[in-house]
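Protein chains in written order, with my numbering: chain A, 1 to 462; chain B, 1001 to 1582.
Be aware that a few hints might be false.
[Unchecked claim] Derived pair list, reagent style EDC-like, types lysine to aspartate or glutamate, alpha-carbon separation capped at 16 Å: (1) K1003/B x E1046/B; (2) K1397/B x D1387/B; (3) K1149/B x E1169/B; (4) K1149/B x E1118/B; (5) K276/A x E1344/B; (6) K363/A x E1046/B.
These are computed hints drawn from the structure, not numbers from a lab.
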Amino acid sequence: MTFTELSITGAARRLEGPLLFLERTIRVGLNSAVEVLGPDGVARVGRVALVDEERMVIEVLESTSGLGLGDTRVRVRNAPLTFGVGPGMLGRIFNSIGLPVDGGPPIPASEFLPVSGWSINPAARALPRDFIETGISTIDLMNSLVRGQKLPLFSGGGLPHDRMATEIAQRARLLGGEDGGFAVVFVGIGVSHDTAAAFREAMEASGAISRTVMFLNRADEPSAQRLLTPRYALTAAEYLAFTTGLHVLVVMTDMTNYCEALREVSASHGEVPSRKGYPGYMYSDLASIYERAGCIRGLPGTLTQLPILTMPADDIGHPIPDLTGYITEGQIVLDRELDRRGIYPPVRVLPSLSRLMSSGTGKGYTHEDHPGLANQLFAAYARATRVRVLASVMGAEGLTDVDRQFLEFGDLFENGIVAQEADRTLEDSMRLGWKLLHSLPAAELTRLSRAQVERYLGDTDG
Amino acid sequence: MSKAFIRWASGPVIRARTEGVFHSYEALSVGEAGLLGEVIQLNADEIVAQVYEDTTGLRPGDPVIGTGSPLSVRLGPDLLGGIFDGLLRPLSGLADFRLSTGASERPGRRFHFKPLVEKGCVLAAGQAFGQVPGARAQSCQAPPGIAGKILSIVGAGEYADDETLCELEDASGQRQALAMTHTWPVRMPRPCGQRLPPSAPMITGQRVLDTLFPVARGGRAALPGGFGTGKTILQEALAKWCDADVIVYVGCGERGNEMAEVLDEFPGLEDPRTGRPLMERAVIIANTSNMPVAAREASIYTAITVAEYFRDQGQHVALMADSTSRWAEALREVSGRLGELPGEAGYPAYLSARLAGFYERAARVKTLGGEEGSVTVIGAVSPPAGDFSEPVTLHTKRFVRCFWALDPERARARFYPAIHPLTSYSEDAGRVAPWWQAHGNSEWARHRERLLTLLEQQAKLERMARIVGKDALPAAQQVALTCAELVNEALLRQSSFSEVDRYCSPERQAAMLRVVVHFIDRAQQAVDDGTEPGRIAALPVLATLARLGEEFGEDRIEAIKALWNEIDTAFYGLVEATDDVH
Chain A
1 MTFTELSITG
11 AARRLEGPLL
21 FLERTIRVGL
31 NSAVEVLGPD
41 GVARVGRVAL
51 VDEERMVIEV
61 LESTSGLGLG
71 DTRVRVRNAP
81 LTFGVGPGML
91 GRIFNSIGLP
101 VDGGPPIPAS
111 EFLPVSGWSI
121 NPAARALPRD
131 FIETGISTID
141 LMNSLVRGQK
151 LPLFSGGGLP
161 HDRMATEIAQ
171 RARLLGGEDG
181 GFAVVFVGIG
191 VSHDTAAAFR
201 EAMEASGAIS
211 RTVMFLNRAD
221 EPSAQRLLTP
231 RYALTAAEYL
241 AFTTGLHVLV
251 VMTDMTNYCE
261 ALREVSASHG
271 EVPSRKGYPG
281 YMYSDLASIY
291 ERAGCIRGLP
301 GTLTQLPILT
311 MPADDIGHPI
321 PDLTGYITEG
331 QIVLDRELDR
341 RGIYPPVRVL
351 PSLSRLMSSG
361 TGKGYTHEDH
371 PGLANQLFAA
381 YARATRVRVL
391 ASVMGAEGLT
401 DVDRQFLEFG
411 DLFENGIVAQ
421 EADRTLEDSM
431 RLGWKLLHSL
441 PAAELTRLSR
451 AQVERYLGDT
461 DG
Chain B
1001 MSKAFIRWAS
1011 GPVIRARTEG
1021 VFHSYEALSV
1031 GEAGLLGEVI
1041 QLNADEIVAQ
1051 VYEDTTGLRP
1061 GDPVIGTGSP
1071 LSVRLGPDLL
1081 GGIFDGLLRP
1091 LSGLADFRLS
1101 TGASERPGRR
1111 FHFKPLVEKG
1121 CVLAAGQAFG
1131 QVPGARAQSC
1141 QAPPGIAGKI
1151 LSIVGAGEYA
1161 DDETLCELED
1171 ASGQRQALAM
1181 THTWPVRMPR
1191 PCGQRLPPSA
1201 PMITGQRVLD
1211 TLFPVARGGR
1221 AALPGGFGTG
1231 KTILQEALAK
1241 WCDADVIVYV
1251 GCGERGNEMA
1261 EVLDEFPGLE
1271 DPRTGRPLME
1281 RAVIIANTSN
1291 MPVAAREASI
1301 YTAITVAEYF
1311 RDQGQHVALM
1321 ADSTSRWAEA
1331 LREVSGRLGE
1341 LPGEAGYPAY
1351 LSARLAGFYE
1361 RAARVKTLGG
1371 EEGSVTVIGA
1381 VSPPAGDFSE
1391 PVTLHTKRFV
1401 RCFWALDPER
1411 ARARFYPAIH
1421 PLTSYSEDAG
1431 RVAPWWQAHG
1441 NSEWARHRER
1451 LLTLLEQQAK
1461 LERMARIVGK
1471 DALPAAQQVA
1481 LTCAELVNEA
1491 LLRQSSFSEV
1501 DRYCSPERQA
1511 AMLRVVVHFI
1521 DRAQQAVDDG
1531 TEPGRIAALP
1541 VLATLARLGE
1551 EFGEDRIEAI
1561 KALWNEIDTA
1571 FYGLVEATDD
1581 VH
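If we strip away everything but chain B, and leave its shape as in the complex, we get (with noise of 0.2 Å):
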């Protein structure tokens, strides 16, 4: 292991005299508490490193000394359910309430263990050698670029999760051991099979997701927003509601109280698909805002190595990560106490490939071992004053394909989620749509483009209005006005704290969007058939879809279906009016 001896320190900045061979990102252990740091440039006979740790007390002279690995984490099946920092730590079950500093590694666990292969079979690398039982089931796989023949395997039974399960020879000759843990190293991808098409949508049971704006899995979404906008609440309700079998949630640089959230709701909570806890499902990633800037830097690529390490194992993960306005800002915190040229806003030039870099590691595979899995990214952005033209925004724009964007005005009035149906969009619509077509609405395409063209009447509209007023509007307009109202508060409106209304499964979004499309159909043929606006505006029938979300709960999806005939009696009766008056 090589040496060096720090010569100046500032900030989470230190450089040091080495003696010895460095390498580029290897992971370095710092003074006598063993902070965990990261090389991040070599000069001749020096390190410049960052300190994921708090520096206080750091002396010149201090050793630092090199692992001889990059930054890596261990991977293994305590992670489902747990609580982690950013380098992938255990924050819960610790005495102290105040974070210390220094090496403390996982401690580690025992779990049941199943083979899955026998001695003499040959093992492929990403192939499973074995199993953990339970309610939710994790295999353990020959982890990427080990692979031979296996020479023992250990029979059913517990076992820690760092004991030698298995040993193989591989091609060279080496013998390899393998256990239910393996580390990785987080700034490398980990490789997969083959890349695939976005296909299926990720279900998130948010309406105005869905049905306009829908993510496919191994998709890329962008959710930026100003302050009190309803990020965090939207990525919580997703990290709940989503039908991923993994949701990996990191907390980069956000408040400690929305973990204390987070783990408050969660284990109440139940997966309305499978029935068991949400926790079960969830790795909860946390590096709060008052935690060392540095590790905001690393805790993002924790984060997607392990939403990785859950998909090779052919599991659909979604990955929630807010915020990563938080990250950039620690790039450039560190790039500033390093002296490198600015670029916009103070921000590195690098900025925009280390975005891509990350966002790029979401994808739906094939993996190594020949399954189907997928990472599914979603990023809030803070852009500073809700002002989307700031470099990060800007950036993160490039390399997602869906763009959820928050609208100040729409969180004021608490209409939430408050995503603007105008500026937001879906690049996955297309792909998405043949799924839905086939999952209870076969006209889903045009039904989702009918609410977006009506939604955009409406602003124009609007315009019109405020300066002519509503009145004076033609007859069709004010019925356009009408139907855009109830789109928004049948549809777009949900709210994360409704028990009825928190999620909404496809069957029961299809069946509310078919009813509110008909309604508008309905209401357009009537209005030029001659009818009043004001009439069609009075309908009952209005007030109840209106209310849609709250009153037709998962438990009524045919009451939702048998609105489509009282809208037809209603419509019925005002043509019978109409004629009556001709």
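Chain A on its own, in the form it takes in the complex (with noise of 0.2 Å):
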């Protein structure tokens, strides 16, 4: 027996938080979309998530309150959830499940995509090689982003990372202005109403907004909804990117509400936990939404992800921002100590990383010498950082003077790199890198070669 689209009555036996079991009394197969409608006439997004021979159980992705057994209708549909993307969609605001919430009409489908992507084939890939500018030199100097990568800023409760995150969104440009069609797809997981509002204006103000498109989850919402908010913003994304050619940028805000989400909704399943409650496919999930940025070989857009999460007591070991280290490419990490000190950005330079840098920098993609550059102030910086320590101990007065040099060297590093007020071009970033490291003995530049060191620090005493 095949259907595309069945409803059924009075099969709902139990209601348990997100699940439904139902008697089965057709074949649906594994994953299926469905509806659950209650007395209210509220359409509930669900999907099948077991199924035997005599029951099957929907996982109901919104809230169930207000549902019944015997009154329960149940909208099966023989295909897993997709959604009806099409043009007209920049400029617009979605909910978790990609309705129209700003008044507007709803848009006009020229295809229906399932919400949870497709398995990427890896030799399909394109490496993703295009620098952008973000105006940041703590990312284009030291951690550069480059088109198609997923790199996550990793952020805490009370850090500017929003601010940030949407001056990358209004900044973000190809290195030499040249650009294709550019899109910002902005996707709020659990944020509170005021966030989305100012991003929403600040998109306004600087005249992005008819390139962005927003899909917004707010903290009130229903947690399992905070699931496939995401997945239908990466759906709209890829739409764009792969099918209309677009540079879409994914800002994802916040992954902790998600992963918080994903527990809860794992709990109730039963299922066994693994590290600190959290269900142990946790990396498997997250992996099947930041894996859909990327390049394609042959398709013209491309996908890059920026997603913000805030480290659970600022714990870096945590396992949201741990899981999500490895499989981002590289990560943005924010200091509370730098924000306490005035410094804007944030960037905690050392513990960040940009895994893509080395495709996307260089001689042919940015400047021959900026990998050199950025080596050599990752390796005195950290100088500068263990000769603090020191200092903490027994006093700069005790240090070598070649130490007292690197001391030095940090707060001018702090303070002349780090904070930034306006959007910097790479090249000045550059340029401000070459002229902090005069105050080194060029004896202790050993990352640079000896001809970068004559020709861009010649006039130093040695």
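With the hints as a guide, bring both chains together as one complex.
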């Protein structure tokens, strides 16, 4: 028996949290999309999570309050959840399940795409290589972002990650200004009303709102929906990137809320928990979101992800940042101490990393000496922080002359390169970097070639 | 073929009511799409199976068909230079960038074949009956367990790789057909003639490994490190530059872009020993993190089966597995769905046995055909929060001989490879010392020890300097710190992105090690003779040595050797100056 859509009434036997147990009267496939209608007439999206000979279990992805057993109607579609995407999505605002919430008309769908995306054949991926200039030195110079990368911001409560994300979304451009179509997909997962509003205002102010699609799941909406928000948003982003050929930047905030929802739903399924109560499959689940970034050979657009997560208790070893870091191509870590000192953007440079930096910088991409300079700045700043520890124990007087120079370098670096008032081009950032290295003895700059030392630092005494 | 019908389905696990006999670990075709699966439990009239593909759409009542044989892969000459999924299905050349599910066999290819035996000869198991000639000749052998008198064999020419080329009559009088390809069950180690003890090192071209923590051919190494410590970059560097004949690189639950990077880079790189494109010697198995979980578990076995297949042709094979933690997590996930009693951190209790079984398949052997071959396994481990006391790292440590621990602090200072010299170890060092002594450095063992003690001393002294200040340390200790810094900068640091230094030949390593140790010896002597530590640290030759890797490439090995005299001259200068003062 095949069917495309069927309605069943009166089959519900048990309702437990988000799980609805039904007597199975039809042959339905795993992961099929369903709509659960209560007496209130509201359709709640769900999926078939388990089937056996007698029953089927539906995971309701929205609030189950108000549902009964005898009067619940279930509409089953013989296909997984899809999202009808089409032209006219730019400039619009949607909820977690892809319905417009800006008062505008529904989107005329030209395609129905599965919200879980596809497994992209790794052999069909093109290596991301196009450097994106964000205007932030600690990213452009030290941890470069390239098109098709997934680079998260590891932040903490109260840190200015939203401001950074907004600025990046407004400024991001290809080096040299050459630009195809550009679009931003903003995904608010369990965000407060004002975060969403602030982002929207900022994009409106810069005129970028017409290139922006927003997906909003507010903090007061049911947490099961949070599992869908990024999936609907990424489906839209994939459509914009791979069908219409735009370069899409997806800003997702806050992935911590997503993971909390995942834990909640997993617990309600009665699954064996792994670390800190999070399900054992959280790695695979997060990968199914993050891996949707990339470039595909033969297709015009690209999909870049900038997920934001707040580290619980500022702990980078917590399962959420830890598993994210294993999937994403680097991370930008924000620091509370720098923030307290008034340094903006408060990027903690040393634990930050961009794995794709080597493929998008250097000769032919940015500047021949860019990787060497970044490398030397990292080494020098790492030494400066080590010296700082020494100095905190025995005071700066106990240091050698060279160590004192490094100590000074550390402060100059934080105030001169990390901190910035306005947008900076990569050239400006590099110039500042070379200038800073002048303050160190040339003999200590072993990460640079002799030629580079002579070219840029020739006038120093050795 | 036995048949069963799905009774229960959730995630990658199904239960099915059987009609007929199924066997443990039998491969299955599941549902109408023919998804690949494997029996993992047997109950009265029910089987429990894991499915290696996306199970969306599976319904109760869908058929499950037993294939009658365990999960097997087809091995043959078409593997080299290719990229495959965890079940050895091809990933390149597909029209759609989205992976589809369901049975898709590797398409057959045609190869030139040259017979090596004649009709009437007796062919032993594992003996070559023919060859696929070319830049990289591959031999076609009788699979293990198949032997007999040759009834017929084709002449030289081009044939499809699954065509019967040779027929045998075995001892029981049965006819056996041989082709260029044959299938082998992935969970069964391929037999060999004899296991040999490790002796020669596998040269990785990375100084910190070859000099401090060498791995022998046929050895086993683990590469644990938190995220961002450079596991993947190091694995890739090893795959590019190690002196194995064949590289099997398995990306298990890792990033898709990493595979793209390998595919982007390898074809353009040359093997420094043969000058041939590196891709020619590589087999890439990709099961990225967004591909189905259960296949992650199989991909590790697929990879080592492929490695053993080339070993049996008398090749030295290196298997890079990135990352074994994802494999362990796949085990955990399936175990959880089966409702098995969880052990430590939710992993099943048999985790340790599985890891042991995998690592034990690494070996240097005499093959059935009488040649020498080896499989060296290098497994990356991704411990949560970089904590080496978690189950996968701990159990892995029990079964490997080399432990290459990555250090987050070094990684943060962009000091790569970020291998921590004090927490890492190699049990193979003693075994490979004679090789180094015969290849350019008669004092290799002593030099290695010298470096290790110096680095150990550095850690102690730095702790002390934190309390009393560096200037307050005795002169000899200040010089020890300078020397340790030199070891780090000149020898241990090596950039994978530098065209000059990404590969370091054994000759160059020997030369570099000798001059650096010479400097250390002279420095220590000088300080004993009363030279000021500050003046040693200011020697211009020290700055030259610190850039040894970057500025003295493979073509300047003689220049490295010449530094010996320059060091002597520099220290004579110091001694004279010191004498003047006295």
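Tell me, which hint numbers fail for this structure? Violated hint (a single one): 6; every other hint is consistent with the structure.
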